[in-house]
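Q: Go by the hints and put chain P onto chain D.
2 protein chains.
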Amino acid sequence: MLDPKRIAINQATTRAQWDFRESVEGYARHGVRGIGVWRDAIERCGMADAKRLLADNGMTVTGLNRAGPVVGLDEGARRAALDDARRAIDQAAELSAACLPVLPGSLRSKSKDMNAVRIQYREALAELLSPARKAGITLALEPLHPMLAADRSCMNTMADANDLCDALGQGIGIIVDVYHVWWDSRLEAEIRRAGKDRLVGFHVSDWLVPTRDLVFDRGMMGDGIIDLRRIRRWADGAGYEGPVEVEIYSNLDWWTKNPHSVVEVCLERCRSVV
Amino acid sequence: MLDPKRIAINQATTRAQWDFRESVEGYARHGVRGIGVWRDAIERCGMADAKRLLADNGMTVTGLNRAGPVVGLDEGARRAALDDARRAIDQAAELSAACLPVLPGSLRSKSKDMNAVRIQYREALAELLSPARKAGITLALEPLHPMLAADRSCMNTMADANDLCDALGQGIGIIVDVYHVWWDSRLEAEIRRAGKDRLVGFHVSDWLVPTRDLVFDRGMMGDGIIDLRRIRRWADGAGYEGPVEVEIYSNLDWWTKNPHSVVEVCLERCRSVV
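Chains D and P, in that order, give the protein sequences.
For the first sequence, our numbering begins at 601 and goes up steadily by one.
For the second sequence, our numbering begins at 601 and goes up steadily by one.
Hints were generated in silico from the structure; no laboratory data involved.
Check each hint, because a few of them may be wrong.
No copy is singled out in the list; a pair is fine if it fits within one copy or between any two copies.
As a list, the in silico DSBU-like pairs of lysine-lysine whose alpha-carbon atoms are at most 35 Å apart [as the list claims (entries may be wrong)]:
#: 1; residue 1: K605; residue 2: K651
#: 2; residue 1: K734; residue 2: K651
#: 3; residue 1: K605; residue 2: K710
#: 4; residue 1: K734; residue 2: K857
#: 5; residue 1: K710; residue 2: K796
#: 6; residue 1: K796; residue 2: K734
#: 7; residue 1: K710; residue 2: K651
#: 8; residue 1: K710; residue 2: K857
#: 9; residue 1: K605; residue 2: K712
#: 10; residue 1: K857; residue 2: K712
So that you can see chain D by itself, here it is in the shape it has in the complex (with noise of 0.2 Å):
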């Protein structure tokens, strides 16, 4: 059974119905010490009330959410977004966050070049690296479900995420999260080949059948068709201890839930099924 203490939950979870104070507060009341956090929520409460709310609640931070995106943008664009992962690079730091996912992007304008925006989300990442490693913040590479390549990822598998640990040495990391990669037959071996030096992350939610929306639709854990248990322990096997963060986004169900009651459910499925 998952070690309850690794349960962290992921502040979209419930990001319809509570701000930043009340996930803390919230989650915190049902026991979750680790939390996934959102810059613009951040900004809102202010860093200097976040980091004391975060500390009076025993909370830690599994990731900023996020850097990014930083491909398929002229080169104007492409340095302010550049700029702006520094200072969400600063901001993971002072929330002594675990690490940093840098979402790419993808195509925009008028390409359809997926190799080149590959190569700018390799480019983009060696440029990171080395602010990241001052700051002592792992860059972390969430590949996401191919049916959002072409306007939210040109990174969609834990294969390509390898490639590019192996390309960009140490300060890159990889969060697993179970909803964009559990379709993949390599995923055994490619969670194997990332290991525990890489493995910063483990995410998890549910695949629906039929799911309604690209985005949206996300289920919770056991109501879905994914082998939460064989891949946590797949992750667990190559030597990951981190936590095993809920992240559902639905704004057709859990979204309209009472929070409590959402959080609650996150905790027995974790229990149960993860």
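A: Below, chain P without anything else, positioned relative to chain D:
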């Protein structure tokens, strides 16, 4: 530019407007000489009439859709599915179809074990290979997009299809449907790996941003973000000389339009962007 003689249209592209006879005659009127046909349409028309209609219009059959699903079934249903697939082999031979796609299917009932259904698919193909070889029909593997992995196909990449071909030997080929595989960073390498001997079909449509439905929102070539010409050249570069088949599922758009206009746009776009 694409040789216009290679252009074919899958009947699904006008399935809301035209029955089998209307499709054959309609495509032929616009100079198209290849059609991807569906078994239910052939059966409604009657095999003898269907063959006459095809011959009278100088139309060849690129593929007969389809055998399967064959996985995730209990033993009785599995036997019935394999028997049905053998009938499909005979029908494909009667129609001189260039290939017979075998849809795997995926998870059913309570199982979440993707590896198990993938093994079932390989076993089903192995069982069908002997009658297919006898009938001179190539079984076609068509990787479907990972967003369809839960319920429609447990085979989701060109790499998986190539691995199956490696395991099963002669008599099996691969259909590259750009809609399903365009996002894959390994696409070019896996098309090359498939090569002339394995490539038995090349289907085109386009990926729309946003995509509003996981199955029925494919775009007309040129209306989306797929670099169609680049991918078609990869296939041609690997030695593929067969049909380029338009297959558009679009209940919100193209299925609501005058089918003659749809065919005209298909042909124009094949010339201008494929």
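Q: Next, verify each hint and record whether it holds.
A: Each hint, compared with the structure:
{"no.": "1", "hint": "K605 / K651", "result": "within (21 Å within a copy, 67 Å between copies)"}
{"no.": "2", "hint": "K734 / K651", "result": "within (21 Å within a copy, 72 Å between copies)"}
{"no.": "3", "hint": "K605 / K710", "result": "between (47 Å within a copy, 29 Å between copies)"}
{"no.": "4", "hint": "K734 / K857", "result": "neither (42 Å within a copy, 59 Å between copies)"}
{"no.": "5", "hint": "K710 / K796", "result": "between (40 Å within a copy, 32 Å between copies)"}
{"no.": "6", "hint": "K796 / K734", "result": "within (22 Å within a copy, 51 Å between copies)"}
{"no.": "7", "hint": "K710 / K651", "result": "neither (42 Å within a copy, 44 Å between copies)"}
{"no.": "8", "hint": "K710 / K857", "result": "between (40 Å within a copy, 27 Å between copies)"}
{"no.": "9", "hint": "K605 / K712", "result": "between (45 Å within a copy, 27 Å between copies)"}
{"no.": "10", "hint": "K857 / K712", "result": "between (40 Å within a copy, 27 Å between copies)"}
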